[in-house]
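Protein chains: 2
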Amino acid sequence: MTGKPNILFIMADQLRWDYLGFAGHPHIKTPNLDRLAASGVTFTRAFVQSPVCGGSRMCTYSGRYNVTHGATYNNFPLRVDEKTIGDYLRPLGYRAVLVGKTHFKPDLESLARLGIDPGTNPGLPYLQCGFEAYERDDGLHPEVDGKLAGADPHYNNWLRQLGYTGDNPWHTWANSVEGDNGEVLSGWSMRNAHRPARVREEHSETAYMTDRAIEFMQRSAGGAPWCLHVSYIKPHWPYIAPAPYHAMYDSAHVVPANRNEAERQAPHPVIAAFMRHEESVNFSRDEVRARVIPTYMGLISQFDHHVGRLVAHLEQSGEIANTIIVVTSDHGDYLGDHWLGEKDLFHEEIVRVPLIVVDPRPEAAATRGRRLDALVEAVDLAPTFLGWAGGDPEPHRLEGASIEPLLAGELPPTWRSAVFCDSDFSLRHARKFLGLDVDEARGFMVRTERWKYVYFERFRPQLFDLASDPGELSDLGGSAAHAAVMAEMKDRLFQWLLHRKTRVTVTHDYIRRVTGGAKARGYRFGEW
Amino acid sequence: MTGKPNILFIMADQLRWDYLGFAGHPHIKTPNLDRLAASGVTFTRAFVQSPVCGGSRMCTYSGRYNVTHGATYNNFPLRVDEKTIGDYLRPLGYRAVLVGKTHFKPDLESLARLGIDPGTNPGLPYLQCGFEAYERDDGLHPEVDGKLAGADPHYNNWLRQLGYTGDNPWHTWANSVEGDNGEVLSGWSMRNAHRPARVREEHSETAYMTDRAIEFMQRSAGGAPWCLHVSYIKPHWPYIAPAPYHAMYDSAHVVPANRNEAERQAPHPVIAAFMRHEESVNFSRDEVRARVIPTYMGLISQFDHHVGRLVAHLEQSGEIANTIIVVTSDHGDYLGDHWLGEKDLFHEEIVRVPLIVVDPRPEAAATRGRRLDALVEAVDLAPTFLGWAGGDPEPHRLEGASIEPLLAGELPPTWRSAVFCDSDFSLRHARKFLGLDVDEARGFMVRTERWKYVYFERFRPQLFDLASDPGELSDLGGSAAHAAVMAEMKDRLFQWLLHRKTRVTVTHDYIRRVTGGAKARGYRFGEW
Numbered sequence: 083m084t085g086k087p088n089i090l091f092i093m094a095d096q097l098r099w100d101y102l103g104f105a106g107h108p109h110i111k112t113p114n115l116d117r118l119a120a121s122g123v124t125f126t127r128a129f130v131q132s133p134v135c136g137g138s139r140m141c142t143y144s145g146r147y148n149v150t151h152g153a154t155y156n157n158f159p160l161r162v163d164e165k166t167i168g169d170y171l172r173p174l175g176y177r178a179v180l181v182g183k184t185h186f187k188p189d190l191e192s193l194a195r196l197g198i199d200p201g202t203n204p205g206l207p208y209l210q211c212g213f214e215a216y217e218r219d220d221g222l223h224p225e226v227d228g229k230l231a232g233a234d235p236h237y238n239n240w241l242r243q244l245g246y247t248g249d250n251p252w253h254t255w256a257n258s259v260e261g262d263n264g265e266v267l268s269g270w271s272m273r274n275a276h277r278p279a280r281v282r283e284e285h286s287e288t289a290y291m292t293d294r295a296i297e298f299m300q301r302s303a304g305g306a307p308w309c310l311h312v313s314y315i316k317p318h319w320p321y322i323a324p325a326p327y328h329a330m331y332d333s334a335h336v337v338p339a340n341r342n343e344a345e346r347q348a349p350h351p352v353i354a355a356f357m358r359h360e361e362s363v364n365f366s367r368d369e370v371r372a373r374v375i376p377t378y379m380g381l382i383s384q385f386d387h388h389v390g391r392l393v394a395h396l397e398q399s400g401e402i403a404n405t406i407i408v409v410t411s412d413h414g415d416y417l418g419d420h421w422l423g424e425k426d427l428f429h430e431e432i433v434r435v436p437l438i439v440v441d442p443r444p445e446a447a448a449t450r451g452r453r454l455d456a457l458v459e460a461v462d463l464a465p466t467f468l469g470w471a472g473g474d475p476e477p478h479r480l481e482g483a484s485i486e487p488l489l490a491g492e493l494p495p496t497w498r499s500a501v502f503c504d505s506d507f508s509l510r511h512a513r514k515f516l517g518l519d520v521d522e523a524r525g526f527m528v529r530t531e532r533w534k535y536v537y538f539e540r541f542r543p544q545l546f547d548l549a550s551d552p553g554e555l556s557d558l559g560g561s562a563a564h565a566a567v568m569a570e571m572k573d574r575l576f577q578w579l580l581h582r583k584t585r586v587t588v589t590h591d592y593i594r595r596v597t598g599g600a601k602a603r604g605y606r607f608g609e610w
Numbered sequence: 083m084t085g086k087p088n089i090l091f092i093m094a095d096q097l098r099w100d101y102l103g104f105a106g107h108p109h110i111k112t113p114n115l116d117r118l119a120a121s122g123v124t125f126t127r128a129f130v131q132s133p134v135c136g137g138s139r140m141c142t143y144s145g146r147y148n149v150t151h152g153a154t155y156n157n158f159p160l161r162v163d164e165k166t167i168g169d170y171l172r173p174l175g176y177r178a179v180l181v182g183k184t185h186f187k188p189d190l191e192s193l194a195r196l197g198i199d200p201g202t203n204p205g206l207p208y209l210q211c212g213f214e215a216y217e218r219d220d221g222l223h224p225e226v227d228g229k230l231a232g233a234d235p236h237y238n239n240w241l242r243q244l245g246y247t248g249d250n251p252w253h254t255w256a257n258s259v260e261g262d263n264g265e266v267l268s269g270w271s272m273r274n275a276h277r278p279a280r281v282r283e284e285h286s287e288t289a290y291m292t293d294r295a296i297e298f299m300q301r302s303a304g305g306a307p308w309c310l311h312v313s314y315i316k317p318h319w320p321y322i323a324p325a326p327y328h329a330m331y332d333s334a335h336v337v338p339a340n341r342n343e344a345e346r347q348a349p350h351p352v353i354a355a356f357m358r359h360e361e362s363v364n365f366s367r368d369e370v371r372a373r374v375i376p377t378y379m380g381l382i383s384q385f386d387h388h389v390g391r392l393v394a395h396l397e398q399s400g401e402i403a404n405t406i407i408v409v410t411s412d413h414g415d416y417l418g419d420h421w422l423g424e425k426d427l428f429h430e431e432i433v434r435v436p437l438i439v440v441d442p443r444p445e446a447a448a449t450r451g452r453r454l455d456a457l458v459e460a461v462d463l464a465p466t467f468l469g470w471a472g473g474d475p476e477p478h479r480l481e482g483a484s485i486e487p488l489l490a491g492e493l494p495p496t497w498r499s500a501v502f503c504d505s506d507f508s509l510r511h512a513r514k515f516l517g518l519d520v521d522e523a524r525g526f527m528v529r530t531e532r533w534k535y536v537y538f539e540r541f542r543p544q545l546f547d548l549a550s551d552p553g554e555l556s557d558l559g560g561s562a563a564h565a566a567v568m569a570e571m572k573d574r575l576f577q578w579l580l581h582r583k584t585r586v587t588v589t590h591d592y593i594r595r596v597t598g599g600a601k602a603r604g605y606r607f608g609e610w
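Protein chains in written order, with our numbering: chain G, 83 to 610; chain H, 83 to 610.
Calculated from the structure, these hints are not laboratory results. Hints may be right or wrong, so weigh each one.
As the list claims (entries may be wrong) - Covered stretches of chain G, as calculated for chain H (at least 3 residues, CB under 8 Å):
no., stretch
1, 139-151
2, 158-165
3, 265-276
4, 505-511
We treat Cβ as the ideally placed atom computed from N, Cα and C, and that holds for glycine.
Start from the sequences and build out the full structure, keeping to the hints where you can.
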């Protein structure tokens, strides 16, 4: 192998850590991911830094925590001076290319104040989340009053060329189904999840994005090293899969919900508010789980199939020997566990994600095929990629830590003993149910190997003993006997808050170089 | 009075709260400031949010705390999307004009990433700290190897036109003196502080900036409302005053240092490190205080004189009836108190500043001539100015609170019970003395009416009981008897850290408007 490695950075959306064959799911089939896991490293304790798409992705791309970068929820713009993986890799000679979803929105107010018109600056990397947008598609193209709201994605145009007609074939074909009488039914209604999508599998979003990714890799062969972010919308809702994946699983393959009556009877106030959401009410019904989860699983098997296509392409081209493959997700999906649907909160079902790293280089030989249980965070990826690309660390900005030592078989003695995640649920109904103002609807998770502590504003904390209660069914947050543990966890949160990297405009090297150097620059204060 | 009020925003640099006639200093003459205090409101407990010029000013201008905006020290660039007073006022029809110092530096790296060349965008407000730069001069023009380092200020050019020759008359004339044999002696050496500057008083920096400010007011008469920031470098070092102010005071007018032997014998480790700095060693000598403080006082009386000129201009033009006058400082000066020189730490001598507000409008009639002891912060000024200009509050960015209710004679029931200040001393020798890394050299102050608590990384906190020890001579930070107080103060710090406004790209109104509105935008998740 010569030169800098390519990085194939694959992300699924709303993919739980435990709905994978190699992770121990009893029924799901993910042979390609299992093979990657066997040939690389699987991190069994990988956590995202926000329990919702937008926030989580901005953390992963920027290498900074949710509360630091401030783009804490879907469609909250990322600040114009935040750097992402693309911004870190580009100066090192990389093409940092996007195929699929980022959920990035630009901060138009700040751009205007700086005199930048996005319309006349289409090449500005910031406008594409720091990437070169080979195919950008945030994956959801909803309709308002029966008309597509927002820009028409390339995927729609492609579908139309294939004969899928209409204003928004993303909805009416790829995410709709046919009823018993041939009528078109929307994929937004979960009752339709067992029916196949109206597109052929090879015309589904997952297939299309894979095609585009392979096309990029073909076209870029022999050129600059690349980091290709292939970012799928599925298995995210609408829970609609094309044939044959819609029928690959049935209710017999649905594992029991992780929940008990005690949780339902005496929930924490914040959990109680989320239980009132429609998605929670519906996913608490067995009928819904039996209908939706097989399709969720089918979408994962379809994702697995297309990951296999990406790998096969690299094998055929020979680039596999020079390409590091990373597979992860942006968060999970409650699917009725804990009497909840969707996300936004901190149970393992949401904040824990799959993370596979296959590094073909000799540096990683020591860990090939291993499962590592060190606590890693999604913010670790940006510094890791920077390290792979041969860049200098940027510790004044990046809040994660490179996992390169772990991949080499070493656990640095200073490696973290806790992971963090924070949630801004100001846009959810739950905020109103709870009577919270827009800057009070927040939770902060601290998770060590044994404990998970969640600090909520205006309410008592949650505490789970993961050693005795790995399913997080017994909330000890009101337990006086655990006051000392909670005080220690709160102090960890204090320390974490204290160390957020807001001083982004000066490097550590600059400070080291000029410390005490005022006199050398002519500022002769204090002299007699 | 008609229309929006003008705002004359006067700032001195390194001016302590207690070196003013109206504040009770037994010797200093500040008749003009005393008159403003008598005709407006004096805030007796006003605090800055950083104990050093750059950080403090960025707090005041942005209305945000030091740790939030991240430009925590001199010459640390302000992020490109931070808004300042000028950015808040401009859309409201104001000219926000600068005469003098801001200590602002642009973030060139981020500008370059956004494709902005500062050289071809001279009118971009960001490059002038959000202001329209009528006369920008950061006030210090040091030399390296006998040559001016940095850009030549307009003030130098003006001095040369007046016949003051050389490469850097700021140094060789305005901040130098003549020795007994006519030799030129540098003002950087404090031993020369008793000698007069080599420029005539009307050619000093303070006079020049006043001239320029009056010129702006004359030229802008009858135009748009303005906020004029007249920002003087003095009484900041070099401690050199022009005649007659160099001789207005002598050692008999120097009040005793606020310090005792116990402080010197058993200092907190961070204080001990700062005591080793040259300025602290020198200011601990009575000879130095006796030489420098009279000149420091003379510079304040000179500042007072020129404030009087600004007010006289407004009176003559009639604009006084439509102009709100604000006078404050960016921090104080130890001058040997607590065996320290300079700043960077949290004693009242540094973090407490003068704050006079003279609002001629009827709204403020109730408080005219009063002294208010509510805890106010420098970050309150930006939201106050925004209120005066008739703008909508921007609570997603601004961290201070408008003092308009206080000026109207009301103390809102939710008014703060503590003020905050944080210091980044990573560039000071003290960091190395203490063996701290570049992101560990920080302190955080919480001050209530009674207590002052300072949290330092890696060291025990400081605690002062201001009720029994207003001079802060007895540090209770190691006292087990005060553990409960310190725990409460630390919890205030925790809450404060938790509420830093990093979510700057979405407004509160936006969140209120769209909460729970995903379905209305077509995102029909959770439906059965």
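Under the constraints set out in the numbered hints, which ones does this structure not fulfil?
none
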